[in-house]
Amino acid sequence: MLIYIFLLLIILSLEATIGLPIFFLYLSYNFISRRGQKFLLSALFIMAFVLSIFYSLSWPMMAFLLLFFHLFYQKLVGKIFWQFLLFCLLNLIIAKMANLQFNFFYLIHLPAFLFYLYKVNFKNYAA
Amino acid sequence: MLSEKNKQYILAFLLVFVLFFLQFLDFLHFAFLTNLANAWKEKNFYFLQKIAYPFHRVGMMWNLTAKLEDLQYRYNEAAANSIKIETLEKENQELRKILENSDRNYEQTVIAAPVISFAQSFVAAGSQAGVKAGSAVLYKGTLLGLIEQVFEKQALVLLLPQMIDTGILAQTSTEVKGLVKGNGRQILFTEIAADAKIEIGELVFTSSQVGLEKGLLIGRIASILSDNQALATKTAVVEQLVNFYEVSLVEIK
Chain P
11 MLIYIFLLLI ILSLEATIGL PIFFLYLSYN FISRRGQKFL LSALFIMAFV LSIFYSLSWP
71 MMAFLLLFFH LFYQKLVGKI FWQFLLFCLL NLIIAKMANL QFNFFYLIHL PAFLFYLYKV
131 NFKNYAA
Chain L
14 MLSEKNKQYI LAFLLVFVLF FLQFLDFLHF AFLTNLANAW KEKNFYFLQK IAYPFHRVGM
74 MWNLTAKLED LQYRYNEAAA NSIKIETLEK ENQELRKILE NSDRNYEQTV IAAPVISFAQ
134 SFVAAGSQAG VKAGSAVLYK GTLLGLIEQV FEKQALVLLL PQMIDTGILA QTSTEVKGLV
194 KGNGRQILFT EIAADAKIEI GELVFTSSQV GLEKGLLIGR IASILSDNQA LATKTAVVEQ
254 LVNFYEVSLV EIK
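Residue numbers (the working numbering), protein chains in the order written: chain P, 11 to 137; chain L, 14 to 266.
Isolated chain P, as found in the complex:
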């Protein structure tokens, strides 16, 4: 678990360097979503904290956003498209708040994430 958290931190640092924290949000949320409610909420605060540190944002604002994201995400269980849309919305809000600029690295970063999503979620369905 500690190794996984350390790996997540490295992913966040890399993503904070080039743009959106898509991998970090997806992997860390997946990691905590199956845990107990108390752990999940505490982990959301920690996630918000590290995000606020790496993106120079407000911690309470990030915590507020992640809590809302979690609430709606729970309500949309089974609706993959809406969940994906909600995830995109969260990323766009972070991009706007952190004033992120589109750059050359997105050409690798975004397709890699989409390919990862396809491999994890959709490949089994297709088979």
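Keep in mind the hints are simulated off the structure, nothing from the lab. Using N, Cα and C, we set each Cβ at its ideal position, and we do this for glycine too. Careful: at least some of the hints might be erroneous.
[Stated by the list, open to error] So the derived label-pair ranges between C-beta atoms look like this:
(1) P:G88 with L:E55: 22 to 32 Å
(2) P:L102 with L:A79: 31 to 41 Å
(3) L:Y59 with P:L67: 17 to 27 Å
(4) L:N94 with P:L102: 46 to 56 Å
[To be verified] Some chain L residues flagged as far from chain P (calculated, every beta-carbon gap over 10 Å):
(5) L46
(6) G72
(7) A137
(8) E215
(9) L230
(10) V255
[Unchecked claim] Cut-off 30 Å, straight-line C-alpha distance, at most; resulting in silico cross-link-like pairs (DSS-like, lysine-lysine):
(11) L:K227 with L:K153
(12) L:K166 with L:K110
(13) L:K97 with L:K80
(14) L:K190 with L:K266
(15) L:K54 with P:K129
(16) L:K103 with L:K210
(17) L:K153 with L:K266
(18) P:K129 with P:K89
(19) P:K85 with L:K63
(20) L:K97 with L:K153
(21) L:K80 with P:K89
(22) L:K110 with L:K97
(23) L:K54 with P:K106
(24) L:K166 with L:K227
(25) P:K85 with P:K129
(26) P:K85 with L:K18
(27) L:K166 with L:K210
(28) L:K56 with P:K106
(29) L:K63 with P:K129
(30) L:K210 with L:K145
(31) L:K190 with L:K210
(32) L:K153 with L:K103
(33) L:K20 with P:K48
(34) P:K106 with P:K85
(35) L:K110 with L:K153
(36) L:K210 with P:K106
(37) L:K103 with L:K145
(38) P:K48 with L:K18
(39) L:K97 with L:K266
(40) L:K145 with L:K266
With chain P's structure known, arrange chain L on it following the hints.
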């Protein structure tokens, strides 16, 4: 009553509210951690740049044609400017030569380029520039001719070899006096006393007279004509050190 799950949500939002309040009171400071994260990001950036460099180069290749065209255009522009600069440099050097080691007076001096058309000698300055008939046309202190006719933007120059009907009082460096005239092809130093001693290579200058400065160089004696020994005067051919048709700028004063 509220379920345990909802209670936890309310607690979480309450905590967020507390955090907002603490932030409002300016108690939430993470400058140290933010600086640490930024340093880490900086290292990451160098690392990522190294990985992305080959791809970046490939991306740059797409714009290479447009860049080449732009460079070619700029090169042509620079070449045109270079020619302009060369011309200006040449003109500047000529001006420097005219101005160098010359005693300037308060008289108006016009500097113009010679214009040669249909075998007539003009200068590219006329009455608009203040050129007057009878003014001396000089190059580096050497008298080339006199202004004969003035137009609005140009003036006709009567060169010394063409000065058949008029003459200029002149003297050599050994104070031998005479009259400088032209015969259409050469400059002649005429009316020299028969007993006066002149030598080939001696310099000839203008003498004191109305409308022309004293001491302007005319040329040097190239040969002495002594066909008729019975004459009371003798004539010498004067060779000029500069040619009106070869200089790029002349001085009119």
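Hints and how they fare:
1. At about 43 Å, the CB distance of G88 (chain P) to E55 (chain L) disagrees with the hint of 22 to 32 Å.
2. Restraint check, L102 (chain P) to A79 (chain L): a C-beta distance of roughly 33 Å satisfies the suggested window 31 to 41 Å.
3. Checked against the given bound of 17 to 27 Å, the beta carbons of Y59 (chain L) and L67 (chain P), roughly 24 Å apart, stay inside it.
4. Distance hint check for N94 (chain L) and L102 (chain P): the Cβ-Cβ separation is about 50 Å, which falls inside the suggested range of 46 to 56 Å.
5. Non-interface status of L46 (chain L) relative to chain P is broken: a Cβ of that chain comes within 10 Å, the nearest being about 5 Å off.
6. Separation of G72 (chain L) from chain P is inadequate, the least Cβ-Cβ distance of about 7 Å not exceeding the 10 Å criterion.
7. Every CB of chain P is more than 10 Å from the CB of A137 (chain L) (nearest about 59 Å), matching its label as outside the interface.
8. Every C-beta of chain P lies more than 10 Å from that of E215 (chain L), the closest at about 82 Å, which supports listing it as non-interface.
9. Annotated as non-interface, L230 (chain L) keeps its C-beta farther than 10 Å from every C-beta of chain P; the closest such distance is 72 Å.
10. Separation of V255 (chain L) from chain P is adequate, the least Cβ-Cβ distance of about 66 Å exceeding the 10 Å criterion.
11. As the CA atoms of K227 (chain L) and K153 (chain L) are separated by approximately 15 Å, the hinted pair is consistent with the 30 Å bound.
12. With a CA separation close to 25 Å, the supplied pair K166 (chain L) and K110 (chain L) stays within the 30 Å bound.
13. Pair hint K97 (chain L) plus K80 (chain L) holds up; C-alpha atoms about 25 Å apart against a cutoff of 30 Å.
14. Note on K190 (chain L) and K266 (chain L): the hinted pairing holds, with a Cα-Cα distance of about 24 Å set against a maximum of 30 Å.
15. Simply put, K54 (chain L) and K129 (chain P) have alpha-carbon atoms about 29 Å apart, close enough for the 30 Å limit, and the pair holds.
16. With a C-alpha separation of about 42 Å, the suggested pair K103 (chain L) and K210 (chain L) falls outside the 30 Å cut-off, and the hint is violated.
17. The hinted pair formed by K153 (chain L) and K266 (chain L) meets the criterion: a straight-line CA distance of about 12 Å does not exceed 30 Å.
18. For the hint pairing K129 (chain P) with K89 (chain P), the CA-to-CA distance comes to about 18 Å; that is within 30 Å, so the pair holds.
19. A hinted pair counts as satisfied when its Cα atoms are at most 30 Å apart, and K85 (chain P) with K63 (chain L) does not qualify at roughly 43 Å.
20. Taking the CA atoms of K97 (chain L) and K153 (chain L), the gap is near 24 Å; set against the 30 Å cutoff, the hint holds.
21. Restraint check: the Cα-Cα separation between K80 (chain L) and K89 (chain P) comes to about 49 Å, which exceeds 30 Å; the hinted pair is violated.
22. As the CA atoms of K110 (chain L) and K97 (chain L) are separated by approximately 20 Å, the hinted pair is consistent with the 30 Å bound.
23. This hinted pair checks out: K54 (chain L) and K106 (chain P) have alpha carbons roughly 19 Å apart, not beyond 30 Å.
24. Taking the CA atoms of K166 (chain L) and K227 (chain L), the gap is near 28 Å; set against the 30 Å cutoff, the hint holds.
25. Taking the CA atoms of K85 (chain P) and K129 (chain P), the gap is near 24 Å; set against the 30 Å cutoff, the hint holds.
26. Taking the CA atoms of K85 (chain P) and K18 (chain L), the gap is about 14 Å. The hint holds against a cut of 30 Å.
27. Restraint check for K166 (chain L) and K210 (chain L): not satisfied, since their Cα atoms lie roughly 45 Å apart, outside the 30 Å limit.
28. Between K56 (chain L) and K106 (chain P) the alpha-carbon distance is near 24 Å, which keeps this suggested pair within the 30 Å criterion.
29. Taking the CA atoms of K63 (chain L) and K129 (chain P), the gap is about 28 Å. The hint holds against a cut of 30 Å.
30. Distance restraint check for K210 (chain L) and K145 (chain L): the Cα-Cα separation of roughly 37 Å exceeds the 30 Å cut-off, and the hinted pair is therefore not satisfied.
31. Note on K190 (chain L) and K210 (chain L): the hinted pairing holds, with a Cα-Cα distance of about 11 Å set against a maximum of 30 Å.
32. Restraint check for K153 (chain L) and K103 (chain L): satisfied, since their Cα atoms lie roughly 15 Å apart, inside the 30 Å limit.
33. At roughly 11 Å between alpha-carbon atoms, K20 (chain L) and K48 (chain P) fall within 30 Å of each other, so this suggested pair holds.
34. Annotation: proposed proximity of K106 (chain P) to K85 (chain P) holds, straight-line Cα distance about 25 Å (limit 30 Å).
35. Taking the CA atoms of K110 (chain L) and K153 (chain L), the gap is near 7 Å; set against the 30 Å cutoff, the hint holds.
36. A hinted pair counts as satisfied when its Cα atoms are at most 30 Å apart, and K210 (chain L) with K106 (chain P) does not qualify at roughly 101 Å.
37. Among the hinted pairs, K103 (chain L) with K145 (chain L) is consistent with the structure: their alpha-carbon atoms are about 27 Å apart, no more than 30 Å.
38. Under the criterion of a C-alpha separation no larger than 30 Å, the hint pairing K48 (chain P) with K18 (chain L) is consistent with the structure, at around 9 Å.
39. Note on K97 (chain L) and K266 (chain L): the hinted pairing holds, with a Cα-Cα distance of about 28 Å set against a maximum of 30 Å.
40. Distance restraint check for K145 (chain L) and K266 (chain L): the Cα-Cα separation of roughly 9 Å lies within the 30 Å cut-off, and the hinted pair is therefore satisfied.
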